[in-house]
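A.B. asks: Residue numbers (numbering that gives the first Met the number 0), protein chains in the order written: chain X, 0 to 432; chain V, 0 to 432; chain W, 0 to 432; chain R, 0 to 432.
Bear in mind the hints are in silico, worked out from the structure with no lab data behind them.
Small disclaimer: the values here were computed from a predicted structure and weren't measured.
Some hints could be false.
Stretches of chain V that chain W covers, calculated by requiring three or more beta carbons in the stretch to come under 8 angstroms of a beta carbon on chain W [stated by the list, open to error]:
(1) 171 to 184
(2) 196 to 203
Over the 10 angstroms line for every Cβ pair with chain V, so calculated as not near, a few chain X residues [stated by the list, open to error]:
(3) Gly52
(4) Asp232
(5) Ile272
(6) Ala331
(7) Ala338
Note that beta-carbon positions come from the ideal geometry of N, C-alpha and C, so glycine has one too.
The primary structure of each chain is shown beneath.
Protein chains: 4
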Amino acid sequence: MPVQNLVEAQASRAASADLSLIEDMESAVRSYCRSTPVVFTRAQGSCIFDERGNRYIDFLCAAGSLNYGHNDPLIKQALIRYLDDDGILQTLDFATAAKARFLQEFRDTILVPRALHYRVQFTGPTGTNCVEAAIKLARKVTGRRAIAAFTNSYHGVSLGALALTGNRAKRSAAGVSLGDTLRLPYDAYFGPEIDTVGLARKLFLDASSGYDAPAAFIVEAVQGEGGLNCARDAWMRALAALAKDLGALLIVDDIQAGCGRCGTFFSFEAMDIHPDIVCLSKSIGGSGLPMALTLIHPKLDVWEPGEHNGTFRGNNLAFVGATAALEYWRDASFQNGIAHRSKLLHDALSRITNGYMRGHATPVGRGLFVGLRFDSPSRSEAFRRGLLVRGVLTETCGPNDEVVKFMPALNIPEDTLCEAVRQIEACAAEMAQ
Amino acid sequence: MPVQNLVEAQASRAASADLSLIEDMESAVRSYCRSTPVVFTRAQGSCIFDERGNRYIDFLCAAGSLNYGHNDPLIKQALIRYLDDDGILQTLDFATAAKARFLQEFRDTILVPRALHYRVQFTGPTGTNCVEAAIKLARKVTGRRAIAAFTNSYHGVSLGALALTGNRAKRSAAGVSLGDTLRLPYDAYFGPEIDTVGLARKLFLDASSGYDAPAAFIVEAVQGEGGLNCARDAWMRALAALAKDLGALLIVDDIQAGCGRCGTFFSFEAMDIHPDIVCLSKSIGGSGLPMALTLIHPKLDVWEPGEHNGTFRGNNLAFVGATAALEYWRDASFQNGIAHRSKLLHDALSRITNGYMRGHATPVGRGLFVGLRFDSPSRSEAFRRGLLVRGVLTETCGPNDEVVKFMPALNIPEDTLCEAVRQIEACAAEMAQ
Amino acid sequence: MPVQNLVEAQASRAASADLSLIEDMESAVRSYCRSTPVVFTRAQGSCIFDERGNRYIDFLCAAGSLNYGHNDPLIKQALIRYLDDDGILQTLDFATAAKARFLQEFRDTILVPRALHYRVQFTGPTGTNCVEAAIKLARKVTGRRAIAAFTNSYHGVSLGALALTGNRAKRSAAGVSLGDTLRLPYDAYFGPEIDTVGLARKLFLDASSGYDAPAAFIVEAVQGEGGLNCARDAWMRALAALAKDLGALLIVDDIQAGCGRCGTFFSFEAMDIHPDIVCLSKSIGGSGLPMALTLIHPKLDVWEPGEHNGTFRGNNLAFVGATAALEYWRDASFQNGIAHRSKLLHDALSRITNGYMRGHATPVGRGLFVGLRFDSPSRSEAFRRGLLVRGVLTETCGPNDEVVKFMPALNIPEDTLCEAVRQIEACAAEMAQ
Amino acid sequence: MPVQNLVEAQASRAASADLSLIEDMESAVRSYCRSTPVVFTRAQGSCIFDERGNRYIDFLCAAGSLNYGHNDPLIKQALIRYLDDDGILQTLDFATAAKARFLQEFRDTILVPRALHYRVQFTGPTGTNCVEAAIKLARKVTGRRAIAAFTNSYHGVSLGALALTGNRAKRSAAGVSLGDTLRLPYDAYFGPEIDTVGLARKLFLDASSGYDAPAAFIVEAVQGEGGLNCARDAWMRALAALAKDLGALLIVDDIQAGCGRCGTFFSFEAMDIHPDIVCLSKSIGGSGLPMALTLIHPKLDVWEPGEHNGTFRGNNLAFVGATAALEYWRDASFQNGIAHRSKLLHDALSRITNGYMRGHATPVGRGLFVGLRFDSPSRSEAFRRGLLVRGVLTETCGPNDEVVKFMPALNIPEDTLCEAVRQIEACAAEMAQ
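Start from the sequences and build out the full structure, keeping to the hints where you can.
C.D. replies: Below, the structure is given as structure tokens:
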């Protein structure tokens, strides 16, 4: 049975009361639920179940916000215990014991072992909000207005972050001009041999180029939405050096690439750079509850009290989940586990593309932030659908949605990972026919 | 013992390990924790407890995001049950059973009885994000750029919403020009006798005034941060008529004033207006978990799929809490309870100000969204501190923080409310000496 | 013969080869030549002649750029002599003898007798360019971005000045958002009893109004394009005081209202205010040759060399004409002559409106910057056409072109002035039938 | 006597009364008069004279606005005759015989022989104003906001044009963000081997690059202020093709490079491109009187009447000079003369740089729009001063003022040209020692 028909059949079956209600009541802006017309109910670890009991291996992890899988037992028990004890849930930015626990764990388990020095700003619990905070602060510190962002970047859709986002459709939705942004080519954007930081350096040092030194450069070490483009270490170092020379801050947006996704807690750990500001969100909450942080080098923490605020900065239940999740990083075993699974998945993708898809698809990405770049968007979409029918949940990314992205939980059981790999292989084999 | 000393003594005692850790690790942007130097741990109903076991009556409700109080038993049990069952927590905008339940409850319990027709956009779970969505949509629908906002308004601090926010310190933190905004005087801004909508109408109808028809007017029926200014019904109707005449949308920001705070579910229910878009957040989640909605008149729902997105739009635990909370609105008793408590509090404030504070403080606000406007910021701050020492948690608002705001839970037990009133009276009596 | 037919007949006759060529070759943006379809050739004093030899009394003076009439003999001889002598014509901002002569005359004849202290910036020779210079400098001096401008103002159509201009059609032609502008109501905009500077003061002093202190206020003492609205002296003083209190500059745009048009050289001379910056253009060149100045209080002259430049700042032929024209101001007779003509014209307009147009037209304006405000745009246009047929050239102004503007040369011979008045009266009489 | 001392001596001598007056009265923004501290009085052909009778060969021509030299006899006589006849001088955009004459001459002598079809918009008489008109129109035609401009470009300093100008100091003087601009690398900016239009094409075709199709590309065929960078024909054609593919307009800013400066009337005549809009100013007036044109392809002439206006659009004396100047283009001799002088000058510069300045200076430019690019700004400034002392007036350009620019009149007598060349050679010889 061809993939197309399977999906349609499934869609038809899925026309449940819930789906009808959602179509009727939810805005036309809804998106994922269109290409995956099922109603999810439960989830455990790397598996999601829909209302008919079908099981899906989660290779999407809510766009990287479930790096520890669904309802991880330790995290979940911490949440339930906190609720049971009437732990305070919502507190603006009052001091709470739950917040203090998180800060302590984050300092001792994440920052100190990496010799990093940051103060933590709890922003509104969305990635876009911690980016907004980062660029406000960069502008305040430098007294400059422009932020340099890169081709194919994604930093959010509130107006400040949206100006930094590459995607045309997202930006045009603003309905107004998105100013105070300088757009630069990412690593290898014009091919691997053209040094794009070198081009930028020439522009910034030329007093009549039209390019002025920005307040900050904001960059993703791996561009998740942009198609799993990976910046090379040397390029990131060159960028950091350029920022320093220009008196500009370096902001790493680690919202999707951080929290272990690239193999280490921060995506840039092995690059020998020291970002001035780091944005974290998505998986920092541990359980998928909304949370976001802006990490600030202490000497740049020039905020006035309340200068950037928001109601839900004190999402204490997320702090509790976050603290529980960070415990996994107390020794090397968790990081080793990611490395092991990464190798398994990378090897498999190489084997599969070599075997079935030569010329049609290439493995891309880093750590467990990987995928297949297809030579046409129709092929990538067909592949995503094929995997969905086979019970593997993924999404596409890239400028033309030409990349199928694989983001398993970092702690996915090896047999579940292998099961997913077998489905990927089967899907590739079928497409090869 | 004077108030000042009491607070300082408390601050000194409160210099716990947790507070030190927070001062050391959290960004200088933290705010509430400075004026209230205690560490909260537990909370139940209208009472919060700090790490030393002190009890505070919560007259702040996390800036209106805890209208049902802390850890309401029914809501809390729904959350625990959902967690226990491995209910799926984070789902981007996939369809889930939890989301469908919420939509159904919202439609049947809130919209249908009020003869309202809206589609629901789940935005990133912050008030600022649902405002960003609202203004994007207004610009898309009308093809215009400017949004008209009012003096003393507060709509959030991400760049799009920040442009609409009146507060100078918040706006100046942007570091860039905040354009595409028209600022108009709120009801009674120039005194009750000057019809500010009339002034605006003259400006908009004059082809050389420099004022062009905006994409939308965004307004709060009661300005929470702006000092509890209440728009009169006739003014809101005149505004709605002006918007209609200009082909502009009317957006009501009901983030703080909605969800029952003004006595009815929506702040504007009794005003005979039909906003095109309504922004809801804060208490919509029921339990204080982050959640935000943009309600859109169906004929304006012209979004393309994914045109405004964000990771945490699918905070299913918040949906569960929200659904449980909405059940309170199934019959009239909950709303009647608000009316009863409102009357009790309004009467008390009138009595207290007449008795002790004539000329120094005036009761302001509507429903359980009330406060005392003092004749000097130092007096309002002294009053807030006095209440804090007496175990009543409040905050100040208004352009100069000259208003002490009282936002009890809508279901605060009458005896707790009376206890708080007694402390307010005691505080007033002390200040009167 | 009704006015309408006369104009059409004239238009038909005027379809000369030249007019056809212009219609064919000149952009659709052309404007005056449409409502006045004749081809002008010669002009002397207050009279213009078209290619058929028809004579028109010039009550328009090229929108106030010919305050000394056409080809004033003294000015014209100075121009011819300079050309004959191979005087250098174009010199960027090099020093020339012609420029020095002008500066000396301007200092000795204009500034010193009025106890004014300004340095002179020669900008690109257009009014809009000297406004651009003024606001750049105000922004540099204050470090602020917004400029406060008034309803019904006109300051030019290059992008910086255009943002300050009230006219909707002009501004919408920008095609982009015109930011960094605060728009305030002009004197008596909401009726004479509402103190609009008082409203503005309240807005600026309120820290959450959304109005921040601007870099400058830019104002016309009489709004030429805006409909001959005259600011009262007390209002201008209140505005100057507000600017001072806010640390903002006061810019008077005297491009149309200055150079004697209001009865004194500067429009604001009698108001006891001391603008920080004054913009002059139009008649400053004396002969109608392009020239523009920005006058800057010496302590604010913080320009870096070349920071604002432009090729034609050194239009030396205009300097020569300007110097010759300023000689008229060396004693009181010229100003007295304006006063005499003003009285004659004001009295006549009062008489005519009282006699023929009661309720339909009101005299407006100040000095020789006057007109009739009609109760409908169709009536004002009919009146303008009627005058044109009668050989008096005028234009309409105001938000709806409801004002017919009378701007005779300041030195118009009394009999020519009386002749024009008779035509105005005849026109009024005809319309009254 | 070293150059430095000579200049200082001259400066000291030049401290005339006029120069003192100018220093006292003219704004600090004055620029050319600082590096050339003399007072000019008369000029004829290619020679300028200062108040002490010193003669300078004009290799600057008021930044290219005197392509026909000073006081060209035929042009000058036309101006005097027009004045003598009381020709009307200032007419807003009324039809005049002088304007019609110009349009006819421009059509018959310039457009028709080149098979070009443009309508003429007379803008405010500055280059910056015709650029403002061009970009407004491009935005109106396309409904897009951004204009793509190039590194090292110069398009003026009013706010709209300033956003397109590369020079950092000029742009930063704006004091506000200059938005709605896309900045692209000019031909050979990253070296001759990198195809910068190719880079731009990739960016514009990538839906997530952050680069959207602009309203227009604005380009100079030779960048006068930017350092005499010359776009290659193939690059200009590639740019025109890219514009067409994107539905964007191509605007050629021919303000400095046009009117014969590059050897043909338009700089782009030999390039086989058809710009949608062409900006002309500077030498179009013939005599140095202010004038500016925007040439518009007839199908793009969608202006509403008066949508872009300005007082001095009707500078009839400039029209008269312009008409006289265009007569020089009626046959091929004038253009042949430019070619002859160009070859003479190019050959001389090659010889001189090879002989004396190998490695220190390179000839750059096209036609009579040429110069020497030095390897250090101090050397170029020394060279400019050396020439000044030797009686040759030049200026520097380029991002670091590293280019000495030679812009003789297009009709400079051969012996005067040779005299200047001898001084250039002498100066080079001296520097070589």
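A.B. asks: Against this structure, judge whether each hint is valid.
C.D. replies: Taking the hints in turn, this is what the structure says about them:
1. 171 to 184: holds (count 7)
2. 196 to 203: holds (count 3)
3. Gly52: holds (12 angstroms)
4. Asp232: holds (27 angstroms)
5. Ile272: holds (22 angstroms)
6. Ala331: Per Cβ check, alanine 331(X) is outside 10 angstroms of chain V; nearest 24 angstroms; holds.
7. Ala338: The claim stands: alanine 338(X) keeps its Cβ more than 10 angstroms from every Cβ of chain V (closest is about 25 angstroms).
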